[in-house]
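Chemist: Residue numbers (the numbering used here), protein chains in the order written: chain G, 493 to 1034; chain R, 389 to 473.
Worth double-checking, as some hints may not be accurate.
Calculated cross-link-like contacts (lysine-lysine; reagent style DSBU-like; alpha-carbon spacing at most 30 Å) [stated by the list, open to error]:
hint	chain 1	residue 1	chain 2	residue 2
1	R	Lys444	G	Lys862
2	R	Lys434	G	Lys552
3	G	Lys616	R	Lys444
4	R	Lys416	G	Lys980
5	G	Lys543	R	Lys415
6	R	Lys429	G	Lys616
7	G	Lys616	R	Lys420
8	R	Lys390	G	Lys543
9	G	Lys543	R	Lys434
10	R	Lys416	G	Lys795
Negatives, chain R to chain G, calculated, CB over 12 Å [unchecked claim]:
hint	residue
11	Thr433
12	Gly456
13	Phe460
14	Gln471
Derived by calculation from the structure, the hints in this document are not laboratory data. A virtual CB, placed ideally from N, CA and C, is assigned to each residue, including glycine.
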Amino acid sequence: MQCLKGKSVYKGIVKGPVVVLKQDEYQVRRKKIEDTEAEILRLEQAVDNAKEQLQKLYDKAVVEVGEASAAIFEVHQMMMEDEDYMDAIHNMIRTEAVNAEYAVRVTGDNFSHMFASMDDDYMKARAADVEDISNRMIRNLSGRGDLDLSAGEPAIIVAEDLTPSETVQMDKDKILAFVTVHGSTNSHTAILARMMNIPALIGVPLSIEDVESGMTAIVDGFEGSVIFDPDAQTCIKAEIKIAEEGEKLKLLQELKGKDNITLDGRQIKLYANIGSVSDIGYVLENDAGGIGLFRSEFLYLGKNDFPTEEEQFVAYRQAAQMMAGKKVIIRTLDIGADKQVDYFNLGKEDNPALGYRAIRICLKQPNIFKTQLRALFRASVYGNISVMYPMITSVEEIERIFEIVDEVKQELEAQEIQYKIPEQGIMIETPAAVMISDELAEKVDFFSIGTNDLTQYTLAIDRQNEKLDDFYNPHHKAVLKMIEMVVKNAHKHGKWAGICGELGADLSLTEKFVRMGVDELSVAPSMILKLRKIIREMRVEP
Amino acid sequence: MKSFNYIITDEIGIHARPAGLLVKEAKKYTSKIVLSANGKKAEATKLMAVMGLGVKNGQEVEIIIEGGDEDFAFEGMKLFMEQNL
């Protein structure tokens, strides 16, 4: 039994098997083999398993993301059947009497170099596919099974760190909890965990080598602890706690269908933050009144090229239709800073958080922006969509946005394509926007305060730097005063103001925000009912 | 032996998916089918070799077919190229 502490980002408790994502997973040693034919058989078994895994992945992807995106798994299957590739591996095992893992590694590297050295960017990128199939076979050979968790039972994911693209690819039904060595409370792993209502511990001082996939662990988000290989007594204690928490959750469920209204009659809107269409299930399940922040980045992340207008339109329309008339606030592209996408070719910046990101990219490269706006305006016909622009610092930016909106409108008009101009608001996430919120309120329909960035810019603290977590005081007076100011200025012009950052879900501030007159809180779906409980039990006038 | 030339119209060239389909198509025939482009040759039944030719949009490929069912394969491959690439 080994107990370790970390920083908890979601209060919950689970017990289950561990799956370790190791970075050195695919390093193999060369070994001499006596019986080469037995080794070939072992290889063939691994290939068969791999093909089966890929078929499953393909079937799953067809349903979830469509046939065009699923085709990559079909290509992987074919690559694995490639005669040159397989012959090379067989030859190496037979002539050099080496283990299959090593033969796969060397052959995979050779083929991947061939692609990497081609003068065509598309083909260069195929090197990753060769690596992927080789890694898959090595995993199978060493009995580690499939990384995609597509066959296994729900598990606790243990890793050094997780990148956004890794988390995007994960099957969310198969994750019980995250435990990572690195990462800050604002990292994407943390955001994902809050979205999914699952415990996550970050900054856990463990050495990945000591943990093995398959061992049992208990992750306790209340205590901020993870226990590997718990003894019987610890297991019983945990199970009691898990049952108790389940009971509490059940009580919250009774608040479904009820209003978010204080004892003295102030009503407030509770909306949900989501990162992809597949999260809408969580929104409905937790009885949110709408979507207050739909991060459109999911359409751009984990891709090789820009999403087309059609692709975006289909996703936005689906969201609008699924929410059936409830508000869906979609934030336009917020790439840059900590969210990097290769094909944007953004280049390296010394200060990415203060750099070329979000609306700045959209205004500098209006073609990217226009494609998204066209998709949004077309989808607005199908439901109650609002559009929200991130990282605003000046009135001029809004004027420029509206010029582009006008151009898009005229183009759609000329092409006789059905569209609707939705409600348009802005994120307030820079101190500059706070200071001129009086002027900004005249221009736009609503404000949504992004407290994560607002806090980072106000306190001059990089939210990706885990060393600074101790200095990051989200309750800093400066930030709370700013929120109050923004709400006042919005109301002065008859506009509404909400909060969509992590602070909105901070239960210790809910009463304060309601008293300030905040009109809407947009939070992780899992927080909706908890906030509703507080609101229904409080008074505005004490 | 029969052969024909074809200019690739697909935007990305012979990329992964159509290359995969091409291999599938080529495997239907007993004839040996070879693709020739950019001064390189690749057997049409070998996916990575076909991709390795790096044929781009607008480039010409020669498809050379030799074997018992070459008439049949010729028609099949021609139709395949026109429909997929």
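Chemist: Would you mind marking each hint as holding or not holding in the structure?
Modeler: Hints, verified against the model:
Taking the CA atoms of R:Lys444 and G:Lys862, the gap is about 29 Å. The hint holds against a cut of 30 Å. Taken as a hint, the R:Lys434 and G:Lys552 pair is honoured in the structure, with Cα atoms around 27 Å apart against an allowance of 30 Å. Distance hint between G:Lys616 and R:Lys444 is fulfilled; the C-alpha atoms sit about 13 Å from each other, no more than 30 Å. The hinted pair formed by R:Lys416 and G:Lys980 fails the criterion: a straight-line CA distance of about 72 Å is larger than 30 Å.
Distance hint between G:Lys543 and R:Lys415 is fulfilled; the C-alpha atoms sit about 19 Å from each other, no more than 30 Å. For the hint pairing R:Lys429 with G:Lys616, the CA-to-CA distance comes to about 19 Å; that is within 30 Å, so the pair holds. For the hint pairing G:Lys616 with R:Lys420, the CA-to-CA distance comes to about 28 Å; that is within 30 Å, so the pair holds. Between R:Lys390 and G:Lys543, the direct Cα distance comes to roughly 35 Å. Violation of the 30 Å bound is thereby established for this hinted pair.
This hinted pair checks out: G:Lys543 and R:Lys434 have alpha carbons roughly 17 Å apart, not beyond 30 Å. Restraint check for R:Lys416 and G:Lys795: not satisfied, since their Cα atoms lie roughly 33 Å apart, outside the 30 Å limit. Non-interface call for R:Thr433 relative to chain G: violated, since the shortest CB-CB distance, roughly 7 Å, does not exceed 12 Å. With a closest Cβ-Cβ approach of about 20 Å to chain G, R:Gly456 is found to remain outside the 12 Å limit, as its non-interface label requires.
For R:Phe460, the shortest C-beta to C-beta distance to chain G comes to about 22 Å, beyond the 12 Å cut-off, and the non-interface label holds. Consistency note on R:Gln471: stated as away from chain G, and its beta-carbon is indeed over 12 Å from all of that chain's, at 16 Å minimum.
In summary, the numbered hints that this structure violates are 4, 8, 10 and 11.
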